[in-house]
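J.: Given next are the chains, with one letter for each unit.
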Amino acid sequence: MNEHERYKRAFSVLHASAKIDLEAEMKHRPNYKKRLATVSVCAALILALTASAFAVGGDTLKRLLGWDGHIEVHEYENEIGETIESIHYGISEPVRIEDGRMYFIANGEDEDITDIVTTGGTYSYTYEDENGCTYLILVGLNSTELESYGYAEFIRTSEDSWRGGHAHNIAYTKTAEGEVCLWLEQGKEEYNLPW
Amino acid sequence: MRMDSAVLVEKYQDRLFAAAFSVCKDPQDAEDVVQESFIAYHSSKKEFESEEHIKAWLLRVTINRAKNACRALWRRATVPLEDYADSLEFECSADRELFETVMSLPEKYRIALHLYYFEDYPVKEIAKILSISESNVKVRLSRGRAMLKEILKEDRAENE
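As given, the protein sequences belong to chains A and B, one line each in that order.
Going letter by letter, the first sequence gives residues 1 to 195 in this note's numbering.
Going letter by letter, the second sequence gives residues 196 to 355 in this note's numbering.
What you were told as hints is all true, and nothing was included just to trick you.
No farther apart than 25 Å at their CA atoms in a straight line, the calculated lysine-lysine pairs in the BS3-like style are these:
1) B:Lys-303 to B:Lys-333
2) B:Lys-241 to A:Lys-19
3) A:Lys-8 to B:Lys-333
4) B:Lys-303 to A:Lys-8
5) B:Lys-206 to B:Lys-319
6) A:Lys-8 to B:Lys-250
7) B:Lys-220 to B:Lys-323
8) B:Lys-206 to B:Lys-240
9) A:Lys-19 to B:Lys-240
10) B:Lys-250 to B:Lys-319
11) A:Lys-19 to B:Lys-250
12) B:Lys-220 to A:Lys-8
13) A:Lys-19 to B:Lys-220
14) B:Lys-323 to B:Lys-206
15) A:Lys-8 to A:Lys-19
16) B:Lys-220 to A:Lys-174
17) A:Lys-8 to B:Lys-344
18) B:Lys-240 to B:Lys-323
19) B:Lys-220 to B:Lys-333
20) B:Lys-220 to B:Lys-344
21) B:Lys-344 to B:Lys-303
22) A:Lys-19 to B:Lys-206
23) A:Lys-8 to B:Lys-323
24) B:Lys-303 to A:Lys-174
25) B:Lys-303 to B:Lys-220
26) B:Lys-241 to B:Lys-319
27) B:Lys-319 to B:Lys-303
28) A:Lys-8 to B:Lys-319
29) A:Lys-8 to B:Lys-348
30) B:Lys-250 to B:Lys-240
31) B:Lys-206 to A:Lys-8
32) B:Lys-206 to B:Lys-241
Not close to chain A: a few residues of chain B, all C-beta gaps over 10 Å, as computed:
33) Glu-247
34) Tyr-304
35) Pro-317
36) Ala-341
37) Ile-346
No wet-lab data here; the hints were simulated from the structure.
Heads up, the beta-carbon is just placed ideally off N, CA and C, and yes, glycines get one too.
Produce the entire structure from the sequences given, and follow the hints as far as they go.
T.: Next up, the structure:
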């Protein structure tokens, strides 16, 4: 007996207790879309922001995140030698919704990700820039509607450590571990993000 | 194409139950997840390329819902796995040992092993269902098998 046959025999003992009656079940369903009990956070959530510096003229420019929108951290020294940091957001949406489908469009892509996000999954995309930094973008839905999407972006430097990220439209669900954003947690677990 | 929901229930309910159980380790949660997955299909207008495409979609929905069910605050007290295993009719003790050992592995290895060994999916299809890379699937299968071998070897040594 090979491994497949052994496994199948062992797990074939699993059976549902009763056959599902979909018609009966649908009759008893209330006529509203199930929504998560959530709190929506629209502001950017910045996580553990540190970055390598790229000298640009007199300022030190830290480019943290990619695609068309950036978080740019400008760092400069004032007259008394203090380091001043200012953060600029130029975030653009990584997806577009058209005719009931969602397309991932960051970094010049155009991928239909509807089936992934509408089945409860988290879409993930990575790319590397010329400095050897890896960008990870996560997209997920906070409810059953495509318009409820949230997204997050994280950066890993060439030294192979996750440096920071930001997340938008995070909706929290109460769980045994506290309040979590389910799609974001899935993505973070997948990539072993430290936050 | 679309298939009649009742036909899909007849054909795939137990298989989806096995997949859901391999994730959430509780029979009642697994049943709820499977019911929700069939309702999602029934309510959806999505067109599919083939029956295989429908099955893969159902598995993907089921696995994702099962993962979320594991994290839910409203989750009721689960049946201890040993108690549930007592109610199952294994052909032999080795089957029960394999079952319990697989169920003791981390969730991500269990899911990959289940799709590979129970559903006979190749690495490429598992990657699509789980929305991860093929190399990630191979790593999970390899590590899952290694852990299985280790645990089964230890159990045999203890019993000798």
